[in-house]
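Trainee: Residue strings, one per chain:
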Amino acid sequence: MNLKEVYPDCDKLLPRLIAEQKKNGFISEQAMKKISDETKIPISRIYAATTFYANLFVRKQGNYLIEICNSPSCYLNNSLDVIKELEKLLKIKSGETTKDNKFSLHIGSCIGCCDKAPAMMINKKVYGNLTKEKIKEIIQKCKS
Amino acid sequence: MQILKKTNLKALEKAKKLGSEKIIALVSKKGLTGRAGGGFPTGKKWQMVKETPANEKYVICNADEGEPGTFKDRFILENNPETLIEGIMIACFAVNAKKAYIYLRSEYTSLKPKLQKTINEVLKKAKSKLNMEIFSGAGSYVVGEETAIIASIEGKRGQPNLRPPYPTTQGLFNKPTVINNVETLTNIPQLVLFDDWKDLKLHSLSGCVNKPGVYELPIGIKLKDIIKLAEPKNKVKAIYFGCFGGCLPYEQFKEMEMKQENICKQNCALGSSTMIIVDETKSIVDIATNIAKFYEFESCGRCTPCREGTMRILHFLEEISLGKATKEDFETLQELAWVIKETSFCGLGQSSMNHLLSALQYFKKEFEAKLK
Numbered sequence: 001m002n003l004k005e006v007y008p009d010c011d012k013l014l015p016r017l018i019a020e021q022k023k024n025g026f027i028s029e030q031a032m033k034k035i036s037d038e039t040k041i042p043i044s045r046i047y048a049a050t051t052f053y054a055n056l057f058v059r060k061q062g063n064y065l066i067e068i069c070n071s072p073s074c075y076l077n078n079s080l081d082v083i084k085e086l087e088k089l090l091k092i093k094s095g096e097t098t099k100d101n102k103f104s105l106h107i108g109s110c111i112g113c114c115d116k117a118p119a120m121m122i123n124k125k126v127y128g129n130l131t132k133e134k135i136k137e138i139i140q141k142c143k144s
Numbered sequence: 145m146q147i148l149k150k151t152n153l154k155a156l157e158k159a160k161k162l163g164s165e166k167i168i169a170l171v172s173k174k175g176l177t178g179r180a181g182g183g184f185p186t187g188k189k190w191q192m193v194k195e196t197p198a199n200e201k202y203v204i205c206n207a208d209e210g211e212p213g214t215f216k217d218r219f220i221l222e223n224n225p226e227t228l229i230e231g232i233m234i235a236c237f238a239v240n241a242k243k244a245y246i247y248l249r250s251e252y253t254s255l256k257p258k259l260q261k262t263i264n265e266v267l268k269k270a271k272s273k274l275n276m277e278i279f280s281g282a283g284s285y286v287v288g289e290e291t292a293i294i295a296s297i298e299g300k301r302g303q304p305n306l307r308p309p310y311p312t313t314q315g316l317f318n319k320p321t322v323i324n325n326v327e328t329l330t331n332i333p334q335l336v337l338f339d340d341w342k343d344l345k346l347h348s349l350s351g352c353v354n355k356p357g358v359y360e361l362p363i364g365i366k367l368k369d370i371i372k373l374a375e376p377k378n379k380v381k382a383i384y385f386g387c388f389g390g391c392l393p394y395e396q397f398k399e400m401e402m403k404q405e406n407i408c409k410q411n412c413a414l415g416s417s418t419m420i421i422v423d424e425t426k427s428i429v430d431i432a433t434n435i436a437k438f439y440e441f442e443s444c445g446r447c448t449p450c451r452e453g454t455m456r457i458l459h460f461l462e463e464i465s466l467g468k469a470t471k472e473d474f475e476t477l478q479e480l481a482w483v484i485k486e487t488s489f490c491g492l493g494q495s496s497m498n499h500l501l502s503a504l505q506y507f508k509k510e511f512e513a514k515l516k
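Respectively, the protein sequence lines represent chains A and B.
Residue numbers for the first sequence follow the numbering used here, beginning at 1 and rising by one.
Residue numbers for the second sequence follow the numbering used here, beginning at 145 and rising by one.
One should not assume that every hint holds.
Said to hold, decoys possible - Label pairs and their computed distance ranges (CB to CB):
id : chain 1 : residue 1 : chain 2 : residue 2 : range
1  : A       : 102       : B       : 262       : 46 to 52 Å
2  : B       : 476       : A       : 102       : 24 to 30 Å
3  : A       : 34        : B       : 173       : 48 to 54 Å
4  : A       : 80        : B       : 476       : 49 to 55 Å
5  : B       : 456       : A       : 102       : 54 to 60 Å
6  : A       : 143       : B       : 476       : 33 to 39 Å
7  : A       : 80        : B       : 373       : 24 to 30 Å
No wet-lab data here; the hints were simulated from the structure.
Glycine included, every Cβ here is placed at the ideal spot set by N, Cα and C.
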């Protein structure tokens with residue numbers, strides 16, 4: 001079946017969701033309803049797609065979305081030390097957001113920076129060859 | 145490096161002069177195979193799409209490089225996007241597609257502005273009317289599978305579908321679709337233009353080494369000659385071929401020629417030539433637990449063996465690492481690993497146990513030492 005014949009805007013859905021995530025830090029029910037009205041795609045389908053992806057959220061994320069890699073190459077280069085340091089500094093665990101809504105932390109899959117392991121991304125910007133000291137510096141910069 | 149050579153639209157010019165049939169024959173003759181891991185002959189794939197009658201056809205460049213330890217496509221996107229774009233244009237010309245997508249994984253979002261600028265420049269310079277769109281992913285490992293990438297562009301959950309039908313006949317929007325990897329498509333203009341083009345492959349080396357990076361090497365080179373390039377920090381214990389490829393003990397296999405068939409004989413897979421080097425200071429049980437966590441996270445949840453199985457495997461491995469598992473648990477773990485491998489719906493679930501089964505084959509003692 002050609003899905004385009006049923007939902008002509010089906011290929012616009014994921015770009016719309018990504019834009020919404022970027023703009024508001026999450027995808028609210030109202031946003032889904034609005035997208036549904038405009039694209040004529042049922043909201044159930046929109047919710048299904050949203051909850052499939054690791055980078056789309058139905059809960060509000062902090063201004064700084066930290067995604068730290070813990071796949072083998074980073075793990076072998078002591079990513080756990082860096083993750084512990086992040087958790088200590090931000091006082092949150094993976095999947096959580098700080099009370100002031102500034103930081104969200106997610107331990108995730110490989111970000112393709114294995115040559116700079118251990119590595120993380122903050123709002124998609126890559127920080128590589130991390131150490132505890134570097135983490136302190138980066139977080140301090142975000143806070144100020 | 146051959147992969148960094150620029151072709152400056154001369155390959156496209158040559159392709160147009162030759163015509164689509166001859167260009168497909170040339171790609172087949174030079175023996176280019178898919179570089180994402182499957183190794184399917186590229187010319188054959190194009191031929192199948194060309195032969196399928198349809199009013200619309202599509203080309204998708206798969207830049208959803210999610211395999212842990214792999215970063216060769218990022219290397220190309222950063223250093224030679226012009227040639228990649230020319231490769232996509234040649235693919236579109238060969239199969240008569242008017243629209244091309246570059247499916248860029250969300251982790252590579254930072255590369256998007258430069259890539260978009262390069263697309264605009266190249267299309268303008270070639271006076272091409274081709275519609276080429278960067279389509280961003282949103283964080284999913286399994287979307288790298290070709291039927292899942294189609295589902296993702298169509299706005300569905302990025303879950304794989306049963307094949308056949310193959311994308312070559314019923315792909316994106318049910319139309320014939322070519323899906324090629326970044327490295328495969330970058331090789332196209334180079335093999336068209338340069339008579340001395342060689343079938344070289346990019347290797348992503350990382351892990352316990354001083355010089356991680358992308359290395360371009362001929363197919364069939366000995367394992368020890370690859371590993372020494374990355375300068376291991378200590379005595380090497382094992383090599384992991386990404387997560388899905390499984391692992392081999394280094395000392396026993398260091399003389400092995402790195403060809404797909406040699407590695408398959410050991411129940412491993414070379415995939416996209418990803419090698420994660422593990423040295424003597426690291427525990428295989430810990431790495432198995434780490435990889436199990438990856439699969440538990442990335443399982444899409446569609447089929448029961450993978451969704452529930454990867455979770456149980458992770459639980460057992462955590463118990464083993466903590467010294468809480470019994471001999472009985474260990475036996476259940478091994479049985480369960482086979483069940484997941486045999487009964488999962490798609491390639492992710494089926495290959496999710498390769499790392500564990502190969503680790504159990506070669507490093508069983510490390511697991512047994514941690515049992516109660």
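Trainee: Does each hint fit the structure? Answer for all of them.
Mentor: Hint by hint, here is what the structure shows:
1. A beta carbon spacing of about 35 Å between residue 102/A and residue 262/B contradicts the range 46 to 52 Å that was offered as a hint.
2. Look at residue 476/B against residue 102/A: about 44 Å separates their beta carbons, and that is not inside 24 to 30 Å.
3. Roughly 53 Å separates the CB atoms of residue 34/A and residue 173/B, a value that falls within the hinted 48 to 54 Å.
4. Hint check: residue 80/A to residue 476/B, Cβ distance near 27 Å, so the stated range 49 to 55 Å is violated.
5. Against the hinted window of 54 to 60 Å, the Cβ-Cβ separation of residue 456/B and residue 102/A comes to about 37 Å, which falls outside the hint.
6. For the pair residue 143/A and residue 476/B, the beta carbons lie near 47 Å from each other, so the given range of 33 to 39 Å is not met.
7. A hinted range of 24 to 30 Å holds for the C-beta pair residue 80/A and residue 373/B, which are about 27 Å apart.
The structure fails hints 1, 2, 4, 5, 6 (numbered hints given earlier, in ascending order).
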